[in-house]
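Protein chains in written order, with the working numbering: chain A, 1 to 527; chain B, 1 to 494.
No lab work stands behind these hints: they were computed from the structure.
Even glycine gets a Cβ: it sits at the ideal position worked out from N, Cα and C.
A hint or two may mislead.
Said to hold, decoys possible - Residues from chain A shown here face chain B by an in silico Cβ test under 8 Å; the list is partial:
{"no.": "1", "residue": "L37"}
{"no.": "2", "residue": "L46"}
{"no.": "3", "residue": "E142"}
{"no.": "4", "residue": "I143"}
{"no.": "5", "residue": "V165"}
{"no.": "6", "residue": "L172"}
{"no.": "7", "residue": "V183"}
{"no.": "8", "residue": "A184"}
{"no.": "9", "residue": "V422"}
{"no.": "10", "residue": "V423"}
{"no.": "11", "residue": "L424"}
{"no.": "12", "residue": "A426"}
{"no.": "13", "residue": "L430"}
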Amino acid sequence: MERVPILSLITYSPLVGAVVLFLWANASPRAARWVALVASGVSFLLSVAMLLAFDPGRSGMQFTETFEWLPELGIAYRLGVDGISAPLVGLTTLLTVIAVIASWQPIRSRVREYYLTLLLLATGMLGVFVSLDLFLFYVFWEIVLIPMALIIGVWGSANRVYAAVKFFLYTLAGSLLMLVGIVALYQEYFQQTGIRTLDVLELARGQYSETFQFWTFLAFFLAFAIKVPMWPFHTWLPDAHVEAPTAGSVILAGVLLKMGGYGFLRFNLPLFPDATRQWAPAIVVLSVIAILYGALMALVQRDFKKLVAYSSVSHMGFVTLGIFALNQQGLSGAMIVMLSHGFVTSALFLIVGILYERAHTRDLAAFGGLARNMPIFAAFFGLFAFASLGLPGLSGFVGEFLALLGGFRAYRWAGILGTAVVVLAAWYMLRVYQRVALVRAPGEPPDPDDPELRPALAHGLPPVAGGSERDHPIDPRTFPDVDWREALTLTPLALLTLWVGVYPLPVLRMIDPALQALLAAVTGGTL
Amino acid sequence: MPLRLVAPEWSLLVPPLVVAATILVLLALDAVQERLVQRFGLAIALVGQLLALASLATIDWSRGATTFGASYRADWFALTVSLVALVAGILSVLVSAGYTESGLEPGVGLAEYLALLLFSVLGTMLVGAAGDLLVLLLGLETSAVAVYALTAFARRRLTSVEGALKYFLLGAFASAILIYGMAWVYGLTGSIVLSDIAHTLRTVVTPGQPLDPALLLALLLLAVGLGFKIAAVPFHMWTPDAYQGAPTPVSAYMSVVPKVAGFAAMARVLVQGLQPLSEQWVTLLGILALVTMVYGNVVAIAQRDLKRMLGYSAIGHTGYMLAGLAAFTTGQAGDRSVGSVLFYLFAYAFMNIGAFGVVAWLQERGLGTTLDDIAGLAGRAPLAALVMAIFMLSLMGMPPLLGFYAKYYVILALVEAGQLWLAVAIVVMSAVSAYFYLRVVTRMYFEEPVGTWRPVRTPLLGIGLALMAAATLALGLVSGPVLQLAQRWPAALV
Numbered sequence: 001m002e003r004v005p006i007l008s009l010i011t012y013s014p015l016v017g018a019v020v021l022f023l024w025a026n027a028s029p030r031a032a033r034w035v036a037l038v039a040s041g042v043s044f045l046l047s048v049a050m051l052l053a054f055d056p057g058r059s060g061m062q063f064t065e066t067f068e069w070l071p072e073l074g075i076a077y078r079l080g081v082d083g084i085s086a087p088l089v090g091l092t093t094l095l096t097v098i099a100v101i102a103s104w105q106p107i108r109s110r111v112r113e114y115y116l117t118l119l120l121l122a123t124g125m126l127g128v129f130v131s132l133d134l135f136l137f138y139v140f141w142e143i144v145l146i147p148m149a150l151i152i153g154v155w156g157s158a159n160r161v162y163a164a165v166k167f168f169l170y171t172l173a174g175s176l177l178m179l180v181g182i183v184a185l186y187q188e189y190f191q192q193t194g195i196r197t198l199d200v201l202e203l204a205r206g207q208y209s210e211t212f213q214f215w216t217f218l219a220f221f222l223a224f225a226i227k228v229p230m231w232p233f234h235t236w237l238p239d240a241h242v243e244a245p246t247a248g249s250v251i252l253a254g255v256l257l258k259m260g261g262y263g264f265l266r267f268n269l270p271l272f273p274d275a276t277r278q279w280a281p282a283i284v285v286l287s288v289i290a291i292l293y294g295a296l297m298a299l300v301q302r303d304f305k306k307l308v309a310y311s312s313v314s315h316m317g318f319v320t321l322g323i324f325a326l327n328q329q330g331l332s333g334a335m336i337v338m339l340s341h342g343f344v345t346s347a348l349f350l351i352v353g354i355l356y357e358r359a360h361t362r363d364l365a366a367f368g369g370l371a372r373n374m375p376i377f378a379a380f381f382g383l384f385a386f387a388s389l390g391l392p393g394l395s396g397f398v399g400e401f402l403a404l405l406g407g408f409r410a411y412r413w414a415g416i417l418g419t420a421v422v423v424l425a426a427w428y429m430l431r432v433y434q435r436v437a438l439v440r441a442p443g444e445p446p447d448p449d450d451p452e453l454r455p456a457l458a459h460g461l462p463p464v465a466g467g468s469e470r471d472h473p474i475d476p477r478t479f480p481d482v483d484w485r486e487a488l489t490l491t492p493l494a495l496l497t498l499w500v501g502v503y504p505l506p507v508l509r510m511i512d513p514a515l516q517a518l519l520a521a522v523t524g525g526t527l
Numbered sequence: 001m002p003l004r005l006v007a008p009e010w011s012l013l014v015p016p017l018v019v020a021a022t023i024l025v026l027l028a029l030d031a032v033q034e035r036l037v038q039r040f041g042l043a044i045a046l047v048g049q050l051l052a053l054a055s056l057a058t059i060d061w062s063r064g065a066t067t068f069g070a071s072y073r074a075d076w077f078a079l080t081v082s083l084v085a086l087v088a089g090i091l092s093v094l095v096s097a098g099y100t101e102s103g104l105e106p107g108v109g110l111a112e113y114l115a116l117l118l119f120s121v122l123g124t125m126l127v128g129a130a131g132d133l134l135v136l137l138l139g140l141e142t143s144a145v146a147v148y149a150l151t152a153f154a155r156r157r158l159t160s161v162e163g164a165l166k167y168f169l170l171g172a173f174a175s176a177i178l179i180y181g182m183a184w185v186y187g188l189t190g191s192i193v194l195s196d197i198a199h200t201l202r203t204v205v206t207p208g209q210p211l212d213p214a215l216l217l218a219l220l221l222l223a224v225g226l227g228f229k230i231a232a233v234p235f236h237m238w239t240p241d242a243y244q245g246a247p248t249p250v251s252a253y254m255s256v257v258p259k260v261a262g263f264a265a266m267a268r269v270l271v272q273g274l275q276p277l278s279e280q281w282v283t284l285l286g287i288l289a290l291v292t293m294v295y296g297n298v299v300a301i302a303q304r305d306l307k308r309m310l311g312y313s314a315i316g317h318t319g320y321m322l323a324g325l326a327a328f329t330t331g332q333a334g335d336r337s338v339g340s341v342l343f344y345l346f347a348y349a350f351m352n353i354g355a356f357g358v359v360a361w362l363q364e365r366g367l368g369t370t371l372d373d374i375a376g377l378a379g380r381a382p383l384a385a386l387v388m389a390i391f392m393l394s395l396m397g398m399p400p401l402l403g404f405y406a407k408y409y410v411i412l413a414l415v416e417a418g419q420l421w422l423a424v425a426i427v428v429m430s431a432v433s434a435y436f437y438l439r440v441v442t443r444m445y446f447e448e449p450v451g452t453w454r455p456v457r458t459p460l461l462g463i464g465l466a467l468m469a470a471a472t473l474a475l476g477l478v479s480g481p482v483l484q485l486a487q488r489w490p491a492a493l494v
């Protein structure tokens, strides 16, 4: 197994699909879909094989591949995964397949180009997670931007161009400073040791002065903080999510945001341990603000998609809180929240997409009573809503509990505030579930047997359900339930949510050795 | 003293002689049988330059041989400059394909067009190989005068003539300043041979001491003169008008090859000749670089015309390259400054000629050169839009495209030289430039086409654009050999 370049195969099989689609100029939409499904499916199956072959007992890199590339500049093609990146690779390939299936019907224009872009995006994202060379990492990191911006800008909704440009410029501005940071790091290490290298593992062995760490940490931090996104760098996210097509939102929330959290774990912590400890309190403050702010913003949204987007900001706040609590619980929690957020929030975006396909609106006031005519949909939605608000037994709880525990141990006030926000999460998630699945649909006459409404009806007051028939001519009572293809996209995510929620041990076992090694490097072995 | 005649080593001159012979063939053929030029002119120009490119392999560059006294040098630097000039020349001929078939005005022949273009390539090669100030000046002027004429090639269009006039007047003015500076250098050092100048200066200049005012004056005059040639701010005024006014294939050519000549001259004069004054000119170039990149990139945002936008973007790129020169430290092996600039020019040739080439391609199809004309191109011609997007993203510096590698090497040179502030300036300006490059992409992809579209076939132009796009896309990944060649400059200049 070690001799097969499995990481390259995983990373480039989507690219092969993209090249096939590029060369096959008159591919029918149907053919394009199948090419994308096969390419992403191969990548997914290979990543499953990789995860099964992964040795969870080891903390170092596995499946490493190294080729000299530009040796005089210390640049090499270095790939490898450890317990931090391996699960993220699996998440990425899975969500790519789901994105392909989820776009099957909703994407009707320029289908071939769409799938080409999506596959290119997949290769970029996978490359980010498997690169161990800073140059290579940076290349993949930037490659991700273009297809994502195109997916938003070409296949998005009304205000898509603004959102795409904003997304692109924001994230580009952040990552360019990282480039200077990378070069500065390379030069500093060269001056110390006389070795020219951009190997992350080797660079982590260097001893850097505090001032140097301070600034370089900041250069990397900005790039990742914008990607996560941390408050106050989050403003691109709601726009991007609202305008992106469903599959774009799935990838954006499920994978792209993880690139930020992964960047902290892979680069900021091991490369700049002193600066990490120095910056941690400030970052924890930002994280707690993000948790609170995201939840409060989610409370007041009328747009379903925007609501999920803001809940993302809140959830990713748990990730950064856990990471910069700098203890074992916090780090494990951050990893689990990342994975869980990948399942749950992606699924919630699929849910929004399913509704949008039927109603052509995301206004919450347009929905109601869907549990009656869409029971399967309501069941899925309920599961993911509860997972999102952190119900024990589902994946969201495990991660957030650990992250809060870590936060509490390091900064008591942060743990307390963060825990309080879980109440807000329950509030907005239950509110939206009630609105969409339970209460009367707009225009639906009130139930005369409803004891709560009887006094109001006696006084001749109008029905209290939000919205009116006139605003939303499409009656939600006529929506068909999810079809088999939509169910196919939701089922694996539901199973994973349950699995990680009930029995997280295999996942923890996989990530813990890597996190322990990381922690030892940051805290100097003392804890 | 008995007169001693030394036979020149003609073999060192083969590459420029091949180019010169191509020019003669074109002109002679034009005099004899004009129709043949119409049919085969482009092919002759291409083959001639390809032969010159091949003839580069016949010379042993590692010797660093000189001939004609020390006026002509066949060293690694000369090789790299010749390579870049010839590649840019070949690409320019390819993007001229459409224009020369349909755009030339009656009475001006294809032979003149191609001959002028090749003259300019020849001049640039001479600058690269110049061992003294005289050859350098000759090369520079040969390169420039040909381009003045090319700029005015659309002689019935007012903007073309206006651009050419501005370019010519300011260029002539700059040459005068440059020559004046050279005269001062000659007066102070008693030599026009670059290596002798450096030798003399080394004996009179002590590092850390204030410079002799006369030397400082000479340095400033040279910097101003050369600054005009590469369109550094504040000597850039001619650029946007000339770029916009000239026929588009000429703009493509003009944005690259004269810049190669200018930077080669700068490296020869400053790095080789005035190396003992490096303390002074590094500071000077650093400031010029900063001003130039900020001005070019910021003003480009306001442009609606693609050619004008590319003109300002070219100023921005001049700033990046100047920053690369300002990364000069000792000139020992491991100093990446000049090498990073040479590589940048190489990369820049593909992406910038390519970008202008797409504009020429649009013009062939009856469209204008504004941003509105390119709107919705992806719906009309997906491949052309893709190619343009590649050039734009590469100019922006997106990995894994060629422009990213070029920028990376400059940043690397700067960080190694401890000039972190310029490295930060480059990335900040790259973010600014993303705004206007991206606007081209968004208008192509996110809008519906407007205007009338005349479908025509332009096979040679298409092949050229495809070639440049492929190079921009893939050459970065295998940029090792070119980079190694570019990095051999210390052996030549120091």
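Going through the numbered hints above, which ones does this structure break? Give me the numbers in ascending order.
1, 2, 9, 10, 11, 12 and 13
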